[in-house]
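Trainee: Chain S is fixed; fit chain W onto it per the hints.
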Amino acid sequence: MAKELKYADMASREMVKRASEEGVQIVWDRYEAMQPQCGFGTLGICCRNCSMGPCRIDPFGEGPQVGICGADADTIVARNFIRMIAGGAAAHSDHGRDIAHTLLLAARDPNSDYQVKDPEKLKAIAELYKINIDGRDVREIAEDVALATLAEFGQQEGELKMALNAPPARVKLWRELGIMPRAIDREIVEVMHRTHIGVDAEYKNIIRHGLRTAISDGWGGSMIATELSDVLFGTPSPILATANLGVLNKDYVNLVVHGHEPTLSDIIAAVSNDKKLIQKAKNNGAKGINISGICCTANEILMRHGIPVAGSVMQQELAVLTGAVELMLVDVQCIYPGLNYVTNCNHTKLITTSPKAKIPGATHIEFHEDRAVEIATEIIEIAIDNFKNRNSDKVYIPNHIERLVGGFTAESVFNFLGGKYRATYRPLNDAVIAGRLRGAAGVVGCSNPNVEYEEGHIKMVKELIKNDVAVVTTGCNAISCGKHGLLKPESAFKFAGKGLQEICRAVGIPPVLHLGSCVDNSRILRVLTNIVSEGGLGEDISDLPVAGAAPEWMSEKAVSIGMYFVASGVYTMLCRPLPITGSENVYNYLTNEIEKEVGGKWAFELDPIAAAHKMISHIDKKRAELKLKPMMYEQALKPAV
Amino acid sequence: MAKIIEVQIERCMGCHSCEFACAVAHSTSKDMNVIIQDGEKPGNRISVESFGLKAVPINCRHCEEAACILACPTGAVHRDRAGEPVIVDTERCIGCRMCVQACPFGVMTMNPDGKSALKCDLCIERLAVGQEPACVEACPTGALKFIDEEDANRSKRIKVAEQMIAAQQGASEETTREFTVKI
Numbered sequence: 001m002a003k004e005l006k007y008a009d010m011a012s013r014e015m016v017k018r019a020s021e022e023g024v025q026i027v028w029d030r031y032e033a034m035q036p037q038c039g040f041g042t043l044g045i046c047c048r049n050c051s052m053g054p055c056r057i058d059p060f061g062e063g064p065q066v067g068i069c070g071a072d073a074d075t076i077v078a079r080n081f082i083r084m085i086a087g088g089a090a091a092h093s094d095h096g097r098d099i100a101h102t103l104l105l106a107a108r109d110p111n112s113d114y115q116v117k118d119p120e121k122l123k124a125i126a127e128l129y130k131i132n133i134d135g136r137d138v139r140e141i142a143e144d145v146a147l148a149t150l151a152e153f154g155q156q157e158g159e160l161k162m163a164l165n166a167p168p169a170r171v172k173l174w175r176e177l178g179i180m181p182r183a184i185d186r187e188i189v190e191v192m193h194r195t196h197i198g199v200d201a202e203y204k205n206i207i208r209h210g211l212r213t214a215i216s217d218g219w220g221g222s223m224i225a226t227e228l229s230d231v232l233f234g235t236p237s238p239i240l241a242t243a244n245l246g247v248l249n250k251d252y253v254n255l256v257v258h259g260h261e262p263t264l265s266d267i268i269a270a271v272s273n274d275k276k277l278i279q280k281a282k283n284n285g286a287k288g289i290n291i292s293g294i295c296c297t298a299n300e301i302l303m304r305h306g307i308p309v310a311g312s313v314m315q316q317e318l319a320v321l322t323g324a325v326e327l328m329l330v331d332v333q334c335i336y337p338g339l340n341y342v343t344n345c346n347h348t349k350l351i352t353t354s355p356k357a358k359i360p361g362a363t364h365i366e367f368h369e370d371r372a373v374e375i376a377t378e379i380i381e382i383a384i385d386n387f388k389n390r391n392s393d394k395v396y397i398p399n400h401i402e403r404l405v406g407g408f409t410a411e412s413v414f415n416f417l418g419g420k421y422r423a424t425y426r427p428l429n430d431a432v433i434a435g436r437l438r439g440a441a442g443v444v445g446c447s448n449p450n451v452e453y454e455e456g457h458i459k460m461v462k463e464l465i466k467n468d469v470a471v472v473t474t475g476c477n478a479i480s481c482g483k484h485g486l487l488k489p490e491s492a493f494k495f496a497g498k499g500l501q502e503i504c505r506a507v508g509i510p511p512v513l514h515l516g517s518c519v520d521n522s523r524i525l526r527v528l529t530n531i532v533s534e535g536g537l538g539e540d541i542s543d544l545p546v547a548g549a550a551p552e553w554m555s556e557k558a559v560s561i562g563m564y565f566v567a568s569g570v571y572t573m574l575c576r577p578l579p580i581t582g583s584e585n586v587y588n589y590l591t592n593e594i595e596k597e598v599g600g601k602w603a604f605e606l607d608p609i610a611a612a613h614k615m616i617s618h619i620d621k622k623r624a625e626l627k628l629k630p631m632m633y634e635q636a637l638k639p640a641v
Numbered sequence: 001m002a003k004i005i006e007v008q009i010e011r012c013m014g015c016h017s018c019e020f021a022c023a024v025a026h027s028t029s030k031d032m033n034v035i036i037q038d039g040e041k042p043g044n045r046i047s048v049e050s051f052g053l054k055a056v057p058i059n060c061r062h063c064e065e066a067a068c069i070l071a072c073p074t075g076a077v078h079r080d081r082a083g084e085p086v087i088v089d090t091e092r093c094i095g096c097r098m099c100v101q102a103c104p105f106g107v108m109t110m111n112p113d114g115k116s117a118l119k120c121d122l123c124i125e126r127l128a129v130g131q132e133p134a135c136v137e138a139c140p141t142g143a144l145k146f147i148d149e150e151d152a153n154r155s156k157r158i159k160v161a162e163q164m165i166a167a168q169q170g171a172s173e174e175t176t177r178e179f180t181v182k183i
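Protein chains in written order, with our numbering: chain S, 1 to 641; chain W, 1 to 183.
The set of hints was computed from the structure by calculation and includes no laboratory data. Only a predicted model underlies this, so the values are computations on that prediction, with no experimental measurement involved.
Partial chain S-side listing against chain W, Cβ under 10 Å, derived:
| # | residue |
| --- | --- |
| 1 | Q35 |
| 2 | Q37 |
| 3 | T42 |
| 4 | L43 |
| 5 | P59 |
Simulated crosslink set (BS3-like; lysine-lysine; CA at most 25 Å straight-line):
| # | chain 1 | residue 1 | chain 2 | residue 2 |
| --- | --- | --- | --- | --- |
| 6 | S | K6 | W | K54 |
| 7 | S | K250 | S | K349 |
| 8 | S | K621 | S | K459 |
| 9 | S | K494 | S | K614 |
| 10 | S | K3 | W | K54 |
We treat Cβ as the ideally placed atom computed from N, Cα and C, and that holds for glycine.
So that you can see chain S by itself, here it is in the shape it has in the complex (with noise of 0.2 Å):
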């Protein structure tokens, strides 16, 4: 059972050595029970869609060559790859729906627990969705935000609003192409009755459609979900913070967030700083209340309260196997219901809050926005009266933790390129147009036990920064970077290359910026919008040097979140492919044929640094289109190790 992490931060590395020796089951032995895993599923050739099924193409041509409806490899795979999407698209805007409901109860109640904190940012949104703001209170106009972005979930006419954000020659290509988006539940609604037996059976109309839903993610819900949050609790700037397990303390009751709501995460963080119950945590013996998280609802309250993280996806079990976590606070997205044997192991309470999310074993608070505060007050308490049940003599927190700078969005490239006064991303375009950076990448993304832990994110991020690309991360990948110290500005001259050394010596920026949680990968697509309008680097996103990755994905927002950077014309690199590798038709179109209709693409690449240099070739190739001048401090590509 022991798995040994060859790539990982050191205290996952001492926890899975520790889970292995307490003989807990974990995320990566159950990886290693399921193996080997169906080759069928893996191709994207077994289609379960109806019940003349279940049906599967035999890849060695012998076999049946067409499902019994007569779809063949081409229509089953495009159908599940299209379904991927859905379910992504889906996670993230029911994401957005929710930041929108929260907004409207924040408008209409002058007692609630949640007000506007950034109404610069609500008036943007206002004019977009062109509601009058001259004179009007704060409240009013965000009544009207909330009502309009919540209409876009089902309306029968129109257009999304976000997408017009999206420069103008790529609006009219995505009107031209008929993938502009309509409506938020809509397009998902469209992907499932598309892919019900005997709908769509042609591979390239079944994946245009799959752009368009990934779309209305992406410049969708995604999107809605990102700029609410921030007109909700704060536009994040930059500011410091701590990544890893070592942020547990054992001295405090320690509260730990897992999922990706801010509305339950940002009041948590807000009412631990009650004083009555910091008192309260004293008078059961401790030395009050830490409070950290997991996966994106940590990366929402690090961007904006600089609250610790403690892991990524796959160390959610670790945490709970110090043994020192009084609570495991979790909503939606990501969440192991394996977590539920890995607290029976010690005092760590489960408590689910979400109706949409319930776990076997698990204790179920429903969290209510309209008594966020009371609600979250209950679950603190509970934290504060499990201190007394831990076991100290089967504590063990791993003594590792780094420091990091998070909070950037692409707002704040405006302030710390241009100064508070003459706020620009000119300074960014001049300095890829000089060739003292070559470009830019978002690696962004989960993990995923069936490649090496952060092996994937840590050696890509490395090779690119060096290479002089910088580097915007969201997500999982953003606090692997974080625990290895890259989002550290010291780092640029550890590891970055020359050219982007200089710019991070002139503005005082790590390589790599932490952009935020997986819905705001839509700030990089705002960035990629603002660099296009600056000018002196094309007319439209695909013309960028620009890349993305997400080398160790593991769900299907990653899915959309990889279609909508296609669709928005970016080169979007995998390691693990994804399952159409069944169809070559569909696996030529996605990796080829598809740049010449949106100027974006999929690619797969096994070796993180061999994916790296494709990526370097690809944004090479665009400076090459662009006329860019040379780079200025070339070096060789060394060939992958």
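Mentor: Quick look at chain W alone, frame taken from chain S:
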């Protein structure tokens, strides 16, 4: 025993259909829905193992000099006649597990009810009514084939012969070309 189960590992998709079909075929009801509801655990006698990203089905070889037969103290593990599959007489089996230790392929296991040793019986009941072994029938890619050993060898030899002739013809064509050019 003229027919054997031939394994083509490059065709294995790791779908475990062979394991599942084996268990169903050896159940009382032979109906997968009933088995789940009754909670019966027939056990599977073929296993799919992984090595890196690849999958390999490992089945009983029905060895001529079967280690399991030699190890069995009661004669429970036996073959009825020479050339027939090695099978377990569950009444005689005392569950001592010596056969499990002895088998070099790791395909001798214990019945999930714990009462006797479990091994592939080459689906003798199915063969008797003209059916193929359950794992072979279930395999969707033909990684498992029930074939006459001598026929299989013959096809391999014919393929080799074809390759040798093609190579020889290619060589003699070259010689002819050279001669033509010289003239």
